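So the protein lines, in turn, are chains A and B. So for the first sequence, this note's numbering puts the first residue at 1; every next one is plus one. So for the second sequence, this note's numbering puts the first residue at 114; every next one is plus one.
Just so you know, the hints here were simulated from the structure itself, not pulled from any lab data. Note that the structure is predicted; figures quoted are calculated from it, not measured. Among these hints, one or two may not hold up.
Unchecked claim - Covered stretches of chain B (chain A as the covering partner; in silico rule of three or more C-beta atoms under 8 Å from a C-beta of chain A):
no.	region
1	120-134
2	215-224
As the list claims (entries may be wrong) - Some chain B residues well away from chain A (every beta-carbon gap over 12 Å; in silico):
no.	residue
3	Asn139
4	Thr144
5	Gln150
6	Asn175
7	Arg176
8	Ser178
9	Lys180
10	Asp183
11	Asn192
12	Leu196
13	Cys204
14	Ala205
15	Ser207
16	Leu228
For glycine and all other residues, C-beta sits at the position ideal for the given N, C-alpha and C.
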Amino acid sequence: GENVEQHPSTLSVQEGDSAVIKCTYSDSASNYFPWYKQELGKRPQLIIDIRSNVGEKKDQRIAVTLNKTAKHFSLHITETQPEDSAVYFCAASQRSYGQNFVFGPGTRLSVLP
Amino acid sequence: DTAVSQTPKYLVTQMGNDKSIKCEQNLGHDTMYWYKQDSKKFLKIMFSYNNKELIINETVPNRFSPKSPDKAHLNLHINSLELGDSAVYFCASSRPLGGSTDTQYFGPGTRLTVL
């Protein structure tokens, strides 16, 4: 089955700096890779996703890159703000009957003012 | 935002009791999930249903029994609750084959505390 690893487990950056979180996956059949942000006491919420036919996607300060050959994908947050502080999860999925999502263990991002 | 809703939000109970958590989605999705998030924040899938059919059943004690009366509802019943069952349980839904998006939406979570 699919296995997703995520690094680092914790990340502290100064406000205005960039943050990068990396994930690797094991199943080459996975073709959909979402990223979720979870604030304290809240539900995970999708912030950006990428499909396997795309190498990069950007939405304002957030971008995701995918390297299918190496089976890794990364989240990039630029010009970080204190409200970016949260736990971020990557996930890998196959678009199939009984779509399964396998999540990474999460990265706790702290943006210091 | 009530696309995926869960009840109750908090559940405090004694060891050995039986309890249920309910989930409903109004997004027209075909697939629903239960996840357990422990104190270390790991999100672990427990079950997945597609159109009321059980698709994914991870290694979960058989004290946990999901039930899907229709594709908009997925309930979780837990028998003989144990201390280790304390966690936040999230319901989620998504739409695979035939849908235009793979996005998975989460409910607000149910914080279960077993005393």
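_Status of the stated non-contact between glutamine 150(B) and chain A (beta carbon gap over 12 Å)_ = violated (9 Å)
_Nearest-CB test (12 Å) between chain A and asparagine 139(B)_ = holds (16 Å)
*Since serine 207(B) was said not to touch the interface, does its Cβ keep a gap of more than 12 Å from each Cβ of chain A?*
The claim breaks: serine 207(B) does not keep its Cβ more than 12 Å from every Cβ of chain A (closest is about 6 Å).
*asked:* Beyond 12 Å on every Cβ pair: is that true for leucine 196(B) relative to chain A?
replied: holds (22 Å)
_Separation of serine 178(B) from chain A, once the least beta-carbon distance is taken, above 12 Å_ = Per Cβ check, serine 178(B) is outside 12 Å of chain A; nearest 19 Å; holds.
*asked:* Does arginine 176(B) clear chain A by more than 12 Å, comparing its Cβ with all Cβ atoms of that chain?
replied: The claim stands: arginine 176(B) keeps its Cβ more than 12 Å from every Cβ of chain A (closest is about 23 Å).
*Please settle this one: aspartate 183(B) was flagged as non-interface, so is its CB more than 12 Å from every CB on chain A?*
The claim holds: aspartate 183(B) sits with its nearest Cβ about 18 Å from chain A, beyond 12 Å.
*So is cysteine 204(B) really clear of chain A, every C-beta pair being over 12 Å apart?*
violated (10 Å)
*Report holds if the minimum CB distance from alanine 205(B) to chain A is greater than 12 Å, and violated otherwise.*
Incorrect as stated: the minimum Cβ-Cβ distance to chain A is 8 Å, not above 12 Å.
*Non-interface claim for asparagine 175(B), where every Cβ of chain A lies beyond 12 Å*: holds (20 Å)
*Compute the least Cβ-Cβ separation between leucine 228(B) and chain A, then decide whether it is above 12 Å.*
Correct as stated: the minimum Cβ-Cβ distance to chain A is 20 Å, above 12 Å.
*Beyond 12 Å from every Cβ of chain A: is that where the Cβ of lysine 180(B) lies?*
holds (17 Å)
When each numbered hint is compared with the structure, violations occur for hints 1, 4, 5, 13, 14 and 15.
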